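Please build the complex by placing chain L on the supplied structure of chain D, with the hints as guidance.
Protein chains in written order, with numbering that gives the first Met the number 0: chain D, 0 to 108; chain L, 0 to 157.
Rather than coming from a laboratory, the hints here were simulated on the basis of the structure.
Please note: incorrect hints may appear among the correct ones.
The calculated lysine to any residue pairs, modelled on SDA-like cross-linking and capped at a C-alpha distance of 25 Å, are [to be verified]:
{"no.": "1", "chain 1": "D", "residue 1": "28", "chain 2": "L", "residue 2": "71"}
{"no.": "2", "chain 1": "D", "residue 1": "1", "chain 2": "L", "residue 2": "54"}
{"no.": "3", "chain 1": "D", "residue 1": "28", "chain 2": "L", "residue 2": "95"}
{"no.": "4", "chain 1": "D", "residue 1": "28", "chain 2": "L", "residue 2": "11"}
{"no.": "5", "chain 1": "D", "residue 1": "28", "chain 2": "L", "residue 2": "54"}
{"no.": "6", "chain 1": "D", "residue 1": "28", "chain 2": "L", "residue 2": "42"}
For the chain L half of the interface with chain D, some residues (derived, Cβ under 8 Å), not all of them [unchecked claim]:
{"no.": "7", "residue": "32"}
{"no.": "8", "residue": "34"}
{"no.": "9", "residue": "40"}
{"no.": "10", "residue": "44"}
{"no.": "11", "residue": "59"}
{"no.": "12", "residue": "62"}
{"no.": "13", "residue": "65"}
{"no.": "14", "residue": "72"}
Keep in mind that this is a model prediction, so the values were computed, not measured.
Think of the CB as a built atom: it goes at the ideal place given N, C-alpha and C, for glycine as much as any other residue.
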Amino acid sequence: MKLTGPLRRVLQVFLADVSARHYGYDLMKAAGLASGTLYPLLGRLQEQGLVTSEWEPQSASAGGRPPRRYYQLTGEGARAARLELAGVTGPARTRGERRAARPAPGTAR
Amino acid sequence: MTSRASAQRAAEYLLRRACRRLPAGTRDERYAEWAAELPAILHDPDIRHPFARSARALRYAAGVYRSTRRLPEAAGSRPWGDRQPAIFPRPDGVLPGLAAVASWICLVLTARYFPHGGPWWPLLAVALFVPDVLAVIAIIRFVRWLRRPSRGSPSSPG
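Looking at chain D on its own, in the form it has when it is part of the complex:
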């Protein structure tokens, strides 16, 4: 899956606490995404096995509100998300690699 801005934001929210479960509106607020962007994204992540979802038990839903569906990163999803997000900032270069990439003094660029 291509790492788009919305996907990056959703993955960052998930990775902030890998064990945390999020419901849709919670994710929308945390990632700053609209519902029309979030749900297709979650659907694709779920289809690829990177995110799993489960329904809140009826007894846990306080105040008579309907039970929510919670999303959580799978182990594979957490690993893939970390790799993808690390790739965004680019691989860390060693000092020697940076020096090799720099043009030598006096050479034309």
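Chain L alone, transformed into the frame defined by chain D:
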């Protein structure tokens, strides 16, 4: 009825419409999921004004409505749900056409109501473009519909 209750009902209506685009097997589950988010939005303590919360709930439902077809489970479903294609299909462009006529009528009535000008006239001048644009959209969509070989199948449920 409070604005919160009205907003919830309107949002639930939109969600039900959105779910009609999904395969029958997933509709109920998706509706339950999306409708369960509405109380959280309508009671969101981070949004101070009740009207803003209602607007947020409606925006949420509208976003879901717009994006239902992009859900993975919607990929294999027929865009018009379980309905059979209509025998006399509605041509595309009817809604913008009706909107163009309605906005023309509104403009004419407003112009008759303020025959000697007034603060509304500059606004009216700008509003004159609205029916024109709608009429152009209606004509384009109708021509496309005429050219489409599979005219019997509706292209969209809306």
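When the hints from earlier in the document are held up against this structure, which numbers fail?
2, 3 and 10
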